[in-house]
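Enquirer: Its first residue numbered 432, the sequence shown is counted upward by one per residue in this note's numbering.
It is worth saying that the hints were derived from the structure and are not from the lab.
Here the structure is a predicted model, which is why all the values come from computation and not from measurement.
We treat Cβ as the ideally placed atom computed from N, Cα and C, and that holds for glycine.
You may find that some hints are simply not true.
Unchecked claim - Just the calculated beta-carbon pair ranges, DEER-fashion:
id, residue 1, residue 2, range
1, ILE570, LYS624, 43 to 51 Å
2, ILE621, ASN591, 18 to 26 Å
3, GLU596, GLY462, 14 to 22 Å
What the hints assert, rightly or not - Straight line, CA to CA, 27 Å or less: simulated DSSO-like cross-link-like pairs of lysine-lysine:
id, residue 1, residue 2
4, LYS566, LYS580
5, LYS488, LYS503
6, LYS488, LYS617
7, LYS503, LYS584
8, LYS566, LYS584
9, LYS554, LYS624
10, LYS554, LYS617
11, LYS503, LYS624
12, LYS503, LYS566
13, LYS580, LYS617
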Amino acid sequence: MEDKGFSIIVLAGGQSSRMGRDKAELSWEHGDILNSLLARLLPLSDDVIVVSNVVRKIPQSVRQAADIIPGKGPLSGIHAGLVHACHDRVFVTACDVPFLMPSIILPIVQAVGTFDGSVAVNKGQLEPLFACYRKNCAIVIEQLLATGKHRMKDLLANINWMPVEQADQLAECCFMNVNTCDDYEKATAILVKDRQKNSDRMTDN
Numbered sequence: 432m433e434d435k436g437f438s439i440i441v442l443a444g445g446q447s448s449r450m451g452r453d454k455a456e457l458s459w460e461h462g463d464i465l466n467s468l469l470a471r472l473l474p475l476s477d478d479v480i481v482v483s484n485v486v487r488k489i490p491q492s493v494r495q496a497a498d499i500i501p502g503k504g505p506l507s508g509i510h511a512g513l514v515h516a517c518h519d520r521v522f523v524t525a526c527d528v529p530f531l532m533p534s535i536i537l538p539i540v541q542a543v544g545t546f547d548g549s550v551a552v553n554k555g556q557l558e559p560l561f562a563c564y565r566k567n568c569a570i571v572i573e574q575l576l577a578t579g580k581h582r583m584k585d586l587l588a589n590i591n592w593m594p595v596e597q598a599d600q601l602a603e604c605c606f607m608n609v610n611t612c613d614d615y616e617k618a619t620a621i622l623v624k625d626r627q628k629n630s631d632r633m634t635d636n
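Please work from the sequences and hints to get the whole structure.
Expert: In structure tokens form, the structure reads like this:
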């Protein structure tokens with residue numbers, strides 16, 4: 432059964448200090464990396480929010496929000512998104528994951544159950560920006576930020592959450608972040624290789 436009863440937050444802060452330029456606007460496929468991701472997310476939810484302190488050129492159906500408590504990293508963005516979200520369950524990701532597979536999102540959202548959150552685990556490593564959080568986590572984040580705690584692990588230490596193990600066969604690049612120019616070059620090479628594979632399959636058929 433299709434489940435669209437959840438919101439999606441895409442963090443697109445705009446600082447990108449390690450990249451040296453705005454990651455959200457990196458060229459990708461037929462546009463930029465942010466809009467490529469949004470195209471895959473929009474069919475999954477009726478409430479998609481981009482959290483950014485920079486005005487983005489995004490589809491009209493996507494809402495945009497700015498940090499309410501600025502300057503505190505991803506927790507600032509998650510807080511703003513949770514406050515503005517229409518649904519109680521909110522899937523969170525960042526704009527710099529160009530190979531995010533939509534198929535991993537619903538299992539993470541549904542796993543939240545009665546917990547405050549559900550977090551993807553990839554080969555034993557927590558992925559707190561591939562996670563679902565309930566709206567009530569906004570209050571927890573406010574309290575954390577007020578006491579100078581702004582790391583993702585601070586949030587996880589103060590909520591009840593469920594780990595969601597990812598299948599071993601899941602493409603590793605699904606969790607690939609494009610944080611540096613080197614990362615971007617590697618991601619682009621993977622994209623070109625995948626396009627070539629698809630082209631070869633069409634030729635064979």
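Enquirer: Does each hint hold? Answer for all of them.
Expert: Structure-based check of each hint:
1. Look at ILE570 against LYS624: about 45 Å separates their beta carbons, and that is inside 43 to 51 Å.
2. Under the hint 18 to 26 Å, the C-beta atoms of ILE621 and ASN591, about 36 Å apart, miss the expected range.
3. Checked against the hint of 14 to 22 Å, the pair GLU596 and GLY462 fails, with Cβ atoms roughly 33 Å apart.
4. Under the criterion of a C-alpha separation no larger than 27 Å, the hint pairing LYS566 with LYS580 is consistent with the structure, at around 19 Å.
5. A C-alpha spacing of about 24 Å is found between LYS488 and LYS503, which places the hinted pair at or below 27 Å, so the restraint holds.
6. At roughly 26 Å between alpha-carbon atoms, LYS488 and LYS617 fall within 27 Å of each other, so this suggested pair holds.
7. Only pairs whose Cα atoms come within 27 Å are accepted, and LYS503 paired with LYS584 is accepted, the gap being roughly 14 Å.
8. With a CA separation close to 18 Å, the supplied pair LYS566 and LYS584 stays within the 27 Å bound.
9. With a CA separation close to 24 Å, the supplied pair LYS554 and LYS624 stays within the 27 Å bound.
10. Simply put, LYS554 and LYS617 have alpha-carbon atoms about 21 Å apart, close enough for the 27 Å limit, and the pair holds.
11. For the hint pairing LYS503 with LYS624, the CA-to-CA distance comes to about 37 Å; that exceeds 27 Å, so the pair is violated.
12. Restraint check for LYS503 and LYS566: the C-alpha separation of about 19 Å stays at or below 27 Å, so the hint holds.
13. Using a Cα cut-off of 27 Å, the hinted pair LYS580 and LYS617 is violated, with the two alpha carbons roughly 33 Å apart.
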